[in-house]
Amino acid sequence: MNYNKIYSKWFWVPAFAIFFILFLLPSILGVFFSFTNWNSMSESLKWVGLENYKKIFESGSSIRPFANTIFFAVMTSVLKGGFGLLLALALNRRVYGRNALRTLFFLPMVLSNVIVGLVFQQIYHPTTGVLNQFLNLLGMGSLAHGWIIEPGLVMWSCVAVEVWKASGFNMVIFLAGLQSVPTDLYEACDMDGGSAWQKFIKVTLPFIMPSVVINMLLNVISGLKVFDVIYTLTNGGPGKMSEVVEIVILNEFAIGNYGYGTAYSTLMFVVLIIISVSVIKRYAAIGGDSV
Amino acid sequence: MIRQKRIANLLLTLLLWILVLLIVVPMAMIVLNSVKSVNESAVMSLELPTSIHTENFTQVLADKKIFRSFFNSIFLSVASATLSMLLSALAAFTLARNRTKGNRIIYIVFLLGLVVPVNYIMTVRVLQTLQLINTYLGAILLYTAQFIPFTVFIYYGFILDTPKTLDEAALIDGCGSVRMFFKVIFPLLKPVTSTAMVLNLLNCWNDFIVPLYFLNSSQKWGMVMMMYNYFSKYVSSWNLVCAAMLVNVLPIVIIYIAGQKYLVSGMTAGAVKG
Numbered sequence: 079m080n081y082n083k084i085y086s087k088w089f090w091v092p093a094f095a096i097f098f099i100l101f102l103l104p105s106i107l108g109v110f111f112s113f114t115n116w117n118s119m120s121e122s123l124k125w126v127g128l129e130n131y132k133k134i135f136e137s138g139s140s141i142r143p144f145a146n147t148i149f150f151a152v153m154t155s156v157l158k159g160g161f162g163l164l165l166a167l168a169l170n171r172r173v174y175g176r177n178a179l180r181t182l183f184f185l186p187m188v189l190s191n192v193i194v195g196l197v198f199q200q201i202y203h204p205t206t207g208v209l210n211q212f213l214n215l216l217g218m219g220s221l222a223h224g225w226i227i228e229p230g231l232v233m234w235s236c237v238a239v240e241v242w243k244a245s246g247f248n249m250v251i252f253l254a255g256l257q258s259v260p261t262d263l264y265e266a267c268d269m270d271g272g273s274a275w276q277k278f279i280k281v282t283l284p285f286i287m288p289s290v291v292i293n294m295l296l297n298v299i300s301g302l303k304v305f306d307v308i309y310t311l312t313n314g315g316p317g318k319m320s321e322v323v324e325i326v327i328l329n330e331f332a333i334g335n336y337g338y339g340t341a342y343s344t345l346m347f348v349v350l351i352i353i354s355v356s357v358i359k360r361y362a363a364i365g366g367d368s369v
Numbered sequence: 159m160i161r162q163k164r165i166a167n168l169l170l171t172l173l174l175w176i177l178v179l180l181i182v183v184p185m186a187m188i189v190l191n192s193v194k195s196v197n198e199s200a201v202m203s204l205e206l207p208t209s210i211h212t213e214n215f216t217q218v219l220a221d222k223k224i225f226r227s228f229f230n231s232i233f234l235s236v237a238s239a240t241l242s243m244l245l246s247a248l249a250a251f252t253l254a255r256n257r258t259k260g261n262r263i264i265y266i267v268f269l270l271g272l273v274v275p276v277n278y279i280m281t282v283r284v285l286q287t288l289q290l291i292n293t294y295l296g297a298i299l300l301y302t303a304q305f306i307p308f309t310v311f312i313y314y315g316f317i318l319d320t321p322k323t324l325d326e327a328a329l330i331d332g333c334g335s336v337r338m339f340f341k342v343i344f345p346l347l348k349p350v351t352s353t354a355m356v357l358n359l360l361n362c363w364n365d366f367i368v369p370l371y372f373l374n375s376s377q378k379w380g381m382v383m384m385m386y387n388y389f390s391k392y393v394s395s396w397n398l399v400c401a402a403m404l405v406n407v408l409p410i411v412i413i414y415i416a417g418q419k420y421l422v423s424g425m426t427a428g429a430v431k432g
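Taken in order, these protein sequences are the chains called A and B.
Counting the first sequence from 1 gives a position; the working numbering is that position plus 78.
Counting the second sequence from 1 gives a position; the working numbering is that position plus 158.
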């Protein structure tokens, strides 16, 4: 049989065309436009070489959004992974109401980031917010803070919201990974008098390593792309203390600095490709299925 | 030993149910405040309402803009989820069945879409060039473009596990390849199709960025964007904002509860397959 005729390319061309023109092509074009002075003021497009990138790296103001984005990506990855793993280990046991608990812990994942951001803005409110009122109630009023108005705290508060929202997602992936651990290995470990910790390190962890890798990869990717949670929670404030790269891009877009904004996008494009390719390569080398 | 284990499990259960309060309380706040009076909801607290104001909901739904945006959301979500599902299933099918070198490269290019960020500024320019900016069609195609990579990915893995002899049998019986796909293969892909639909419906329903960059006219906004706008307008009327949020959240919670199996299995299938 003629495979190329039966499985005609016209089956994949429509999907590829839409995906390419509206997703990949803009990223590729962006690389070229990031070397121009493209903006809303001047009519003519001029090649400016590395000017936009120089501006990004030389101006002191762009360090913060990059630092914030990396901080957010790293902290949320670790915390979501940690809480997700603990929840999965707990919910893999015979606790009462297991399915209800799983459903509830995952639930925030399906809410819109806009709603989550707006509600937490209220929860964090310095005087009327539920968080500070709760602390006062417990007699720990000294711990009450202006969670999203104190410059030193604001990024932590953003991280906390993301951890609240997406730990359940990590949990679900870990739960799937835990099903691959053969129970007789635990029994063997019991026979040999292994402690719970030894069981975890020697039996559980090696089997769920693929879940760890995939969770971390997905967490880092989504962390670096973070936008709407922070945009609706703090809008980058106070001042620019919680600005992340995607917020800078929107702001540059709004004031018409298209070429400059696109340079930021292109940087993110390159960084994300490098991270993913290296993780996937290493992951494939450990023995996971390569994509 | 067994007794000890039971006590440990009991304590763990207790701890988990206390922890789950952290998840539930913020959501309960929305519900509580959606039925309060303006004054009571001025500070969004956890206090119980003194009287139930269901008229908040009628007031929100009577707002023509909110009402319209609700149907915009339904239209955009259903159209883009369906389109991306159909196109991705077809694409994954040929790519998984006929794994030539070229087809593998195409598949890997699709997977790139799982990783790279969207260049929004440039996409605006491309949509302007195509004269699709600020149109429903443009928004639907954009969502579709963004959903295709993951959808192709989950279909691909599933199709690899369906026997190829089915195709051959259908072809020998005289089916063309299009009919073979829709009559024989597509029905078998139902679990993935459900996953793709649930996931993409949710993602589209919750999206905030496409209207922000690509839809200038509020006429075409989905509900999330309209709510954000509503929030800046009625910033002190938290009862109305919360009622609007509930109206927005209700459909997705229903989809989530009904389609939980597919949602979770789809997400983990992707993760386990790597």
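Hints are supplied without guarantee of correctness; some may be wrong.
Unchecked claim - Here are the in silico distance ranges between beta carbons for each label pair: (1) B:W175 - A:I351: 37 to 47 Å; (2) A:T181 - B:A327: 26 to 36 Å; (3) A:L213 - B:R262: 54 to 64 Å.
Stated by the list, open to error - DSSO-like cross-link-like pairs, simulated, lysine-lysine; straight-line CA separation at most 30 Å: (4) A:K83 - B:K348; (5) B:K348 - B:K419; (6) A:K303 - B:K341; (7) A:K303 - A:K359; (8) A:K303 - A:K133; (9) B:K341 - B:K259; (10) B:K322 - A:K87; (11) B:K322 - B:K419; (12) B:K378 - A:K303; (13) A:K280 - B:K163; (14) B:K322 - B:K348; (15) B:K223 - B:K378; (16) B:K378 - B:K391; (17) A:K87 - B:K348; (18) B:K322 - A:K83; (19) A:K133 - A:K318; (20) A:K132 - A:K318; (21) A:K87 - B:K341; (22) B:K223 - B:K391; (23) B:K341 - A:K359; (24) A:K277 - A:K359; (25) B:K348 - B:K259; (26) B:K419 - B:K341; (27) A:K87 - A:K359; (28) A:K303 - A:K280; (29) B:K419 - A:K303; (30) A:K303 - A:K132; (31) B:K163 - B:K259; (32) A:K83 - B:K163; (33) B:K341 - B:K322; (34) B:K222 - A:K277; (35) B:K259 - A:K87; (36) A:K318 - B:K391; (37) B:K378 - B:K222; (38) B:K259 - A:K83.
Because the hints were derived from the structure by calculation, they are not lab data.
Backbone N, C-alpha and C define an ideal beta-carbon position, used for all residues, glycine too.
Hints, verified against the model:
Checked against the hint of 37 to 47 Å, the pair W175 (chain B) and I351 (chain A) passes, with Cβ atoms roughly 43 Å apart. Between T181 (chain A) and A327 (chain B) the C-beta distance comes to about 41 Å, which lies outside the given range of 26 to 36 Å. In this structure, L213 (chain A) and R262 (chain B) meet the distance hint of 54 to 64 Å, their C-beta atoms being roughly 56 Å apart. This hinted pair checks out: K83 (chain A) and K348 (chain B) have alpha carbons roughly 26 Å apart, not beyond 30 Å.
Of the pairs offered as hints, the one joining K348 (chain B) and K419 (chain B) holds, with about 13 Å between alpha carbons and a cut-off of 30 Å not exceeded. Of the supplied pair hints, the one linking K303 (chain A) and K341 (chain B) is violated, its CA atoms being roughly 40 Å apart against a limit of 30 Å. The straight-line distance between the Cα atoms of K303 (chain A) and K359 (chain A) is roughly 22 Å, inside the 30 Å bound, and the hint therefore holds. Simply put, K303 (chain A) and K133 (chain A) have alpha-carbon atoms about 22 Å apart, close enough for the 30 Å limit, and the pair holds.
With a CA separation close to 28 Å, the supplied pair K341 (chain B) and K259 (chain B) stays within the 30 Å bound. Only pairs whose Cα atoms come within 30 Å are accepted, and K322 (chain B) paired with K87 (chain A) is accepted, the gap being roughly 18 Å. Annotation: proposed proximity of K322 (chain B) to K419 (chain B) holds, straight-line Cα distance about 27 Å (limit 30 Å). Restraint check for K378 (chain B) and K303 (chain A): satisfied, since their Cα atoms lie roughly 25 Å apart, inside the 30 Å limit.
For the suggested pair K280 (chain A) and K163 (chain B), the alpha carbons sit about 21 Å apart, so the restraint of at most 30 Å is met. Between K322 (chain B) and K348 (chain B) the alpha-carbon distance is near 17 Å, which keeps this suggested pair within the 30 Å criterion. With a C-alpha separation of about 10 Å, the suggested pair K223 (chain B) and K378 (chain B) falls inside the 30 Å cut-off, and the hint holds. In summary, the hint linking K378 (chain B) to K391 (chain B) is supported, as the alpha carbons are separated by about 18 Å, within the 30 Å threshold.
The suggested pairing of K87 (chain A) with K348 (chain B) holds, with an alpha-carbon distance near 23 Å, which does not exceed 30 Å. The straight-line distance between the Cα atoms of K322 (chain B) and K83 (chain A) is roughly 16 Å, inside the 30 Å bound, and the hint therefore holds. Annotation: proposed proximity of K133 (chain A) to K318 (chain A) holds, straight-line Cα distance about 18 Å (limit 30 Å). As the CA atoms of K132 (chain A) and K318 (chain A) are separated by approximately 21 Å, the hinted pair is consistent with the 30 Å bound.
A hinted pair counts as satisfied when its Cα atoms are at most 30 Å apart, and K87 (chain A) with K341 (chain B) qualifies at roughly 19 Å. Restraint check: the Cα-Cα separation between K223 (chain B) and K391 (chain B) comes to about 13 Å, which is no more than 30 Å; the hinted pair holds. With a CA separation close to 38 Å, the supplied pair K341 (chain B) and K359 (chain A) exceeds the 30 Å bound. A distance of roughly 29 Å separates the Cα atoms of K277 (chain A) and K359 (chain A); the hinted pair therefore holds under the 30 Å criterion.
Among the hinted pairs, K348 (chain B) with K259 (chain B) is consistent with the structure: their alpha-carbon atoms are about 28 Å apart, no more than 30 Å. For the hint pairing K419 (chain B) with K341 (chain B), the CA-to-CA distance comes to about 25 Å; that is within 30 Å, so the pair holds. Between K87 (chain A) and K359 (chain A) the CA atoms are separated by roughly 29 Å; this keeps the pair inside 30 Å, and the hint holds. Proposed proximity of K303 (chain A) and K280 (chain A) is contradicted: the alpha carbons are some 35 Å apart, above 30 Å.
As the CA atoms of K419 (chain B) and K303 (chain A) are separated by approximately 27 Å, the hinted pair is consistent with the 30 Å bound. Our distance criterion of 30 Å between C-alpha atoms is met by K303 (chain A) and K132 (chain A), whose separation comes to about 22 Å. A threshold of 30 Å between alpha carbons decides the hint, and for K163 (chain B) with K259 (chain B) the separation of about 55 Å lies outside it, so the pair is violated. A C-alpha spacing of about 62 Å is found between K83 (chain A) and K163 (chain B), which places the hinted pair above 30 Å, so the restraint is violated.
Between K341 (chain B) and K322 (chain B), the direct Cα distance comes to roughly 14 Å. Compliance with the 30 Å bound is thereby established for this hinted pair. For a cut-off of 30 Å, the pair hint linking K222 (chain B) to K277 (chain A) is broken: about 60 Å separates their Cα positions. Of the supplied pair hints, the one linking K259 (chain B) and K87 (chain A) holds, its CA atoms being roughly 13 Å apart against a limit of 30 Å. Distance check on the hinted pair: K318 (chain A) and K391 (chain B) sit about 24 Å apart at the alpha-carbon level, within 30 Å; holds.
Under the criterion of a C-alpha separation no larger than 30 Å, the hint pairing K378 (chain B) with K222 (chain B) is consistent with the structure, at around 13 Å. Annotation: proposed proximity of K259 (chain B) to K83 (chain A) holds, straight-line Cα distance about 16 Å (limit 30 Å).
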